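Protein sequences appear in the order of chains F and H.
Under our numbering, the first residue of the first sequence carries the number 1, and numbering increases by one thereafter.
Under our numbering, the first residue of the second sequence carries the number 1001, and numbering increases by one thereafter.
One or more hints might be untrue.
Stated by the list, open to error - In silico SDA-like cross-links for lysine to any residue, where the CA-CA straight-line distance does not exceed 20 Å:
#1 K1361/H / S43/F
#2 K1041/H / L84/F
#3 K1041/H / G41/F
#4 K1303/H / L1259/H
#5 K1303/H / P82/F
#6 K1361/H / G41/F
#7 K1041/H / S83/F
#8 K1361/H / K12/F
#9 K12/F / G31/F
#10 K1041/H / E28/F
These are calculated hints, taken from the structure and not from any lab test.
Fair warning: this is a prediction, and the values are worked out from it, not measured in the lab.
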Amino acid sequence: MLKFTDEHEWLKIEGDVATVGITAHAAEQLGDLVFVELPEGGSAFAKGDTAATVESVKAASDVYCPLDGEIVESNQAIVDDPSLVNSDPQGAGWFFKLKLADPSAVNALLDEAAYKELIA
Amino acid sequence: MDDHSLLKQTPLHALHLSLGARMVPFAGYDMPVQYPAGVLKEHLHTRVAAGLFDVSHMGQIRLTAKSGKLEDAALALEKLVPVDILGLGEGRQRYALFTNAEGGILDDLMVANRGDHLFLVVNAACKDADFAHLKAHLGDSCDLEMLDDRALIALQGPHAVTVLAELWADIAQMRFMDVAEAELHDVPCIISRSGYTGEDGFEISIPSSSAEDVARRILEHPDVLPIGLGARDSLRLEAGLCLYGNDIDTGTTPVEAALEWAIQKARRVGGSREGGFPGADVILGQFANGASRRRVGLKPEGKAPVRGGAVLFADAEGQKEVGSVTSGGFGPNAESPVAMGYVPTDLASPGTILFAEVRGKYLPVTVSALPFVTPSYKR
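Next comes chain H alone, as it looks inside the complex:
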């Protein structure tokens, strides 16, 4: 995969190169893993000022009911996600999951109510499969459009709001998970107050042809640094957020993944639209009876990072295997290694000590509440 010529490029590719980024293949795209500041400084800068991320590789999908009624689109999408879409107000966004018949997770996504349509943001590696999945199940009642002509950037961190308020003053009025349309430097953008870092911040969908211009102007602000995928991963890990393909996949259910909060009352047992999504029997059964394993935070006791894939044991001798780490690394703000993984439910209480195998040693790790840093969402 060293042949970068086979990889797709985002509309900001030339900008990354001009900023001195180190590029790596990610989900079929040539993406910046870090800029000259490096992962550690990029991470810390995002938590105290503002970081600009190119997330244009993600899929942006417009879903419109053929009837023209938003509620028909909402009810159609509810057939694929265990989430209350009908109850999502105009100008609001919500986290969602595509589930399969076994209760596993096909992808995680954001869904926004844009008044006359739903706007979905899905993972890059899953976007073609997601689009086909939507088309197959909703194609009769809804029109679907993959918005390949739009870039997506994120500005994250405590200064993000002041940086963007210089371009659009009303942005400060937005609450966490609000979605609005506004012009930034005369370019019509779709802005949500959300992100993947645990910080206050925004994701901005921009027509591709104007994306580099808008990004360059935001980068001119002295508080803003460009941030690569390396720091994006360490920021989301500290924030306790799942990475699809690592922490959640077709083999994990929302209940096992500790994502019960993403399934609103309306879709649970006794709710007004109970069930009616793929794997409802499994997932609602786990709500009632519990799942046998659970995603938890893990804090290694020493200084050695425990990475994804490390096997977890109940004992320091590595005799009884009990689970595995799905994401792990060093948390620059936690100032220690941080990880998450799956353990049997009876070992999921914070304070439980387990042992992770790292280079033939069994290192003590403590089950810990997530996140590892306090989020600063503007609710």
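The shape of chain F in the complex, shown without the other chains:
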């Protein structure tokens, strides 16, 4: 199941774990990324907390945790090569995997059609 937030993140939900990244629209708006900072495995976040930071040549931006949960894995590949986020934002450019505190909370997120409408 694929879900979206109005902060331009996508979540691929498998059981109680969500793989989280930023949308192609967000990656395009940010421009070429030169730095990514990701949360450490085991750290817990509430919805809306700053979980990651991305930087383009021009500016730094926060990536918010889309739901309450605990980080189970971060994608070292985008730390080593931030351009992956621009070239494949909804694939190899994923940010982290989040074990959801409340898996039913995903129902309140946007589906793909609703997100597309948001950015239209």
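With chain F's structure known, arrange chain H on it following the hints.
Only chain H this time, still in chain F's reference frame:
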């Protein structure tokens, strides 16, 4: 400030929109921050080929002595800048600073000797204040004209000279900081061999009505890409050049800002026209005794950019605050973060390690010589 309708537009505004630029408010103008290529590619392209910048938001001012003698205009302007204007030859340009009584910097600018008048290019955000400042202090002896009917573009990069030589062959004879008048596509232009990127290049003042036509024709050259304000900032930062309002302002002196080179011998102690500019006592005192702080290059050790505003500490625990970063970001050619800022003079030697606070962490940064890239000016 999202209401773009309140913003002023340069004569190239329609061109920016047609090129797909992302527009942002800057100094009261609706300006292109980047084009579809993006900041990173625009930056790199400028260093290997040629980039076209719209800098029409900057102020262009003509200063003419009422006596008709250029030297009277030069001596009048010297009352406001610690720079040797009288010694500036015809067809030559020089970097200058308007100083205040405290030795602070009101603006930085370019001054060209155009034979019968001086031609000034000042920052967009300061241009009205600069004009009023000039009028108040020089209005009795000089006529001043803000050239609102002219656009200003810059073509920067190693291919700039070959691109423009197709329009005016003699351009290759110009040296760094030469100023000349020539026709480009039958439009009379004022051309200087200068810029704000650390590259060889030119700034071209064009009558507004012809600016889009000239710019479009230059963009037709396969070596030329349009470049936005984003890459303009990263290019000048790598080149170690100050941005007024960030790296220099009314609270920084030329000596603190490491701009001593802009103050020629004639205006220093023992010079033929020593002092005689606002804040001379402070600035010449700092020449003699040193200033307590200095602008330096800063190279973060890790990959995280350290931005303007970051506080600098002497220790990794953030106990002893010693200065701050005034400009910082990622340097695409340096392939690393680059920054500049002010530190106490005893911590200003290259190699000194300081710590910058970024998101609650204290990241090591090394004081480094500026610029971060080797300039390729044609001297």
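Going back to the hint list, which numbers does this structure go against?
3, 4, 8 and 9
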